[in-house]
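S.K.: Sequence:
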Amino acid sequence: FTLKHVAGLRPALDAGTFGDVGEDLVDAILAEAGRFASEEVAPLYKIGDEQGAVLSGAAVTMPPGWKELYRRWIDGGWNALSAPEEFGGQALPTMLGVAALEMWNSAAMA
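Oh and the sequence shown: position 21 is 21 in the working numbering, straight run, nothing missing.
Calculated directly from the structure, the hints in this document are not laboratory data.
Hints are supplied without guarantee of correctness; some may be wrong.
Within a straight-line C-alpha distance of at most 35 Å, the following computed DSBU-like cross-link-like pairs (lysine-lysine) qualify [to be verified]:
#, residue 1, residue 2
1, Lys46, Lys67
2, Lys46, Lys4
3, Lys4, Lys67
The following label-pair restraints were derived from C-beta to C-beta distances [said to hold, decoys possible]:
#, residue 1, residue 2, range
4, Pro11, Val54, 44 to 54 Å
5, Gln51, Pro11, 41 to 51 Å
6, Ile47, Asp14, 40 to 50 Å
7, Gly34, Tyr70, 14 to 24 Å
8, Ile74, Val54, 19 to 29 Å
Note that the Cβ used here is the ideal one computed from N, Cα and C, for glycine as well.
Work out the full structure, taking the sequences as your base and the hints as a guide.
M.R.: Next up, the structure:
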């Protein structure tokens with residue numbers, strides 16, 4: 001509701017500000033971002049909180065599962081939702097990327 005009505009996404013979509021991006025695509029992206037948060041990120045919260053990342057020299061060691069999670073996040077294109085297409089992004093509205101980031105950060109704040 002907030003994204004579409006308060007932040008002004010719906011009028012921007014209606015005006016064609018984001019090209020062919022429509023409400024159905026936005027809803028699908030948010031649903032999948034929520035699924036990724038609850039099924040992929042949230043299960044790693046406890047181990048991430050308990051073990052944390054370890055910096056040793058120039059290397060960072062992540063708790064079990066986090067490296068694989070990061071790979072799935074990259075492979076899913078989540079890292080480039082609102083990045084420009086010329087840099088490999090999807091050029092989606094920044095507010096959509098922020099909404100997805102909020103879900104993932106809330107799923108595991110570790």
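S.K.: Take the hints in turn and mark each one as holding or not.
M.R.: Each hint tested on the structure:
no.	hint	result
1	Lys46 to Lys67	15 Å, holds
2	Lys46 to Lys4	33 Å, holds
3	Lys4 to Lys67	33 Å, holds
4	Pro11 to Val54: 44 to 54 Å	47 Å, holds
5	Gln51 to Pro11: 41 to 51 Å	45 Å, holds
6	Ile47 to Asp14: 40 to 50 Å	44 Å, holds
7	Gly34 to Tyr70: 14 to 24 Å	19 Å, holds
8	Ile74 to Val54: 19 to 29 Å	22 Å, holds
Comparing the model with each earlier hint shows no violations; every hint is respected.
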